[in-house]
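For chain A, the structure is supplied; the task is to place chain B on it using the hints.
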Amino acid sequence: MSPGKTMEPFWWSLFSAGGVVAAFLVPVHLFLHGLAVPLGWVSVSHARLLALVGQPLVKMYLFVLIALPLYHWAHRFRFILEDLGLHGLRMPLAVLCYGSAIVGTVATLWVLIRI
Amino acid sequence: MSEARPARPGLYYPKLPATWWLRRPGYVRFMLREVTSVFVAIFLVELLVLVHKIGQGPQAYADMVAKLQSPGWIAFHVVALAFVLYHTITWFQATGVVQVVRVGDRQVPPPLVVAGNYVAWVVVSLFILYWLLVRS
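Chains A and B, in that order, are what the protein sequence lines are.
For the first sequence, counting from 1, position 45 maps to 45 in our numbering; every step adds exactly one.
Quick note: to get our numbering, add 1000 to the position in the second sequence (first position is 1).
With the rest of the complex left out, here is chain A (with noise of 0.2 Å):
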């Protein structure tokens, strides 16, 4: 890389992507598995389930929701840890916030593609 330039812009736009998914979609998947299943308000069988995430687009559409806002959390906070006064950390702490987006990504195609 030339000097001056950063990957800054690069996480910001996965971070830009991930914060539309997560304003879009976590609501209702949160709202849905989280409370009104587990309260019973309102139930979906397991075969359903089964046959929705088996489905080429089901996969596609739960890794765009899950694996892109691991990236919005990363670089969020990144930035919450160096605003608390950890400016010293500034290369261990991308590097852990970002590698744990990766790492996130690779499990999340892992447990895809095993269905």
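Don't read these hints as lab results, they were simulated from the structure.
Treat the numbers as computed from the prediction; the structure is a model and nothing was measured.
Incorrect hints may have been included.
Per the computed footprint, the stretches of chain A lying under chain B, defined by three or more beta-carbons under 8 Å from a beta-carbon of chain B, are [as the list claims (entries may be wrong)]:
#1 31 to 37
#2 43 to 56
#3 61 to 67
#4 102 to 110
Here's a subset of chain A near chain B, in silico, CB distances under 8 Å, partners left out [what the hints assert, rightly or not]:
#5 G19
#6 A22
#7 A23
#8 I80
#9 L81
Label-pair distances were calculated between CB atoms; the ranges are [claimed, not checked]:
#10 Y1013/B - R114/A: 23 to 31 Å
#11 P1014/B - Y61/A: 37 to 45 Å
#12 S43/A - V1078/B: 17 to 25 Å
#13 A47/A - V1103/B: 41 to 49 Å
#14 L109/A - W1073/B: 22 to 30 Å
#15 V1035/B - W110/A: 25 to 33 Å
#16 T105/A - W1073/B: 22 to 30 Å
#17 T105/A - L1129/B: 25 to 33 Å
#18 V20/A - L1129/B: 40 to 48 Å
Using N, Cα and C, we set each Cβ at its ideal position, and we do this for glycine too.
Frame of chain A; chain B shown alone:
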């Protein structure tokens, strides 16, 4: 290792206590907005585990749902939902400022862009509920 120093020594970092964000309501709202991402990430890891359990079979899925019925998880999800909704609200608010939408030569007023986001969000959410619960 030699002395700890920032990777970009040209930047100036003001020395602030770690509690600087408690000083003004605006700073607190900023921090709450940033923290929403933690709840998003935790839930998505959960969702990934749930998808994995669905793949493992009916018993594994039922066990996971049973676990999510505990008061601790329910309480966590209520709090997490509040944070996630705060992300949605603040994100749409920011979109209205950042995203310039033009129709012909005219700029669509930002409040209208924000309203459009809300409408799209409601439609998408209802569609997902319909797809999962009604259509089979």
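Against the structure, the hints:
no.: 1; hint: 31 to 37; result: holds (count 6)
no.: 2; hint: 43 to 56; result: holds (count 8)
no.: 3; hint: 61 to 67; result: holds (count 3)
no.: 4; hint: 102 to 110; result: holds (count 3)
no.: 5; hint: G19; result: holds (6 Å)
no.: 6; hint: A22; result: holds (5 Å)
no.: 7; hint: A23; result: holds (4 Å)
no.: 8; hint: I80; result: holds (5 Å)
no.: 9; hint: L81; result: violated (10 Å)
no.: 10; hint: Y1013/B - R114/A: 23 to 31 Å; result: violated (45 Å)
no.: 11; hint: P1014/B - Y61/A: 37 to 45 Å; result: holds (43 Å)
no.: 12; hint: S43/A - V1078/B: 17 to 25 Å; result: holds (20 Å)
no.: 13; hint: A47/A - V1103/B: 41 to 49 Å; result: holds (47 Å)
no.: 14; hint: L109/A - W1073/B: 22 to 30 Å; result: holds (27 Å)
no.: 15; hint: V1035/B - W110/A: 25 to 33 Å; result: holds (28 Å)
no.: 16; hint: T105/A - W1073/B: 22 to 30 Å; result: holds (25 Å)
no.: 17; hint: T105/A - L1129/B: 25 to 33 Å; result: holds (27 Å)
no.: 18; hint: V20/A - L1129/B: 40 to 48 Å; result: violated (20 Å)
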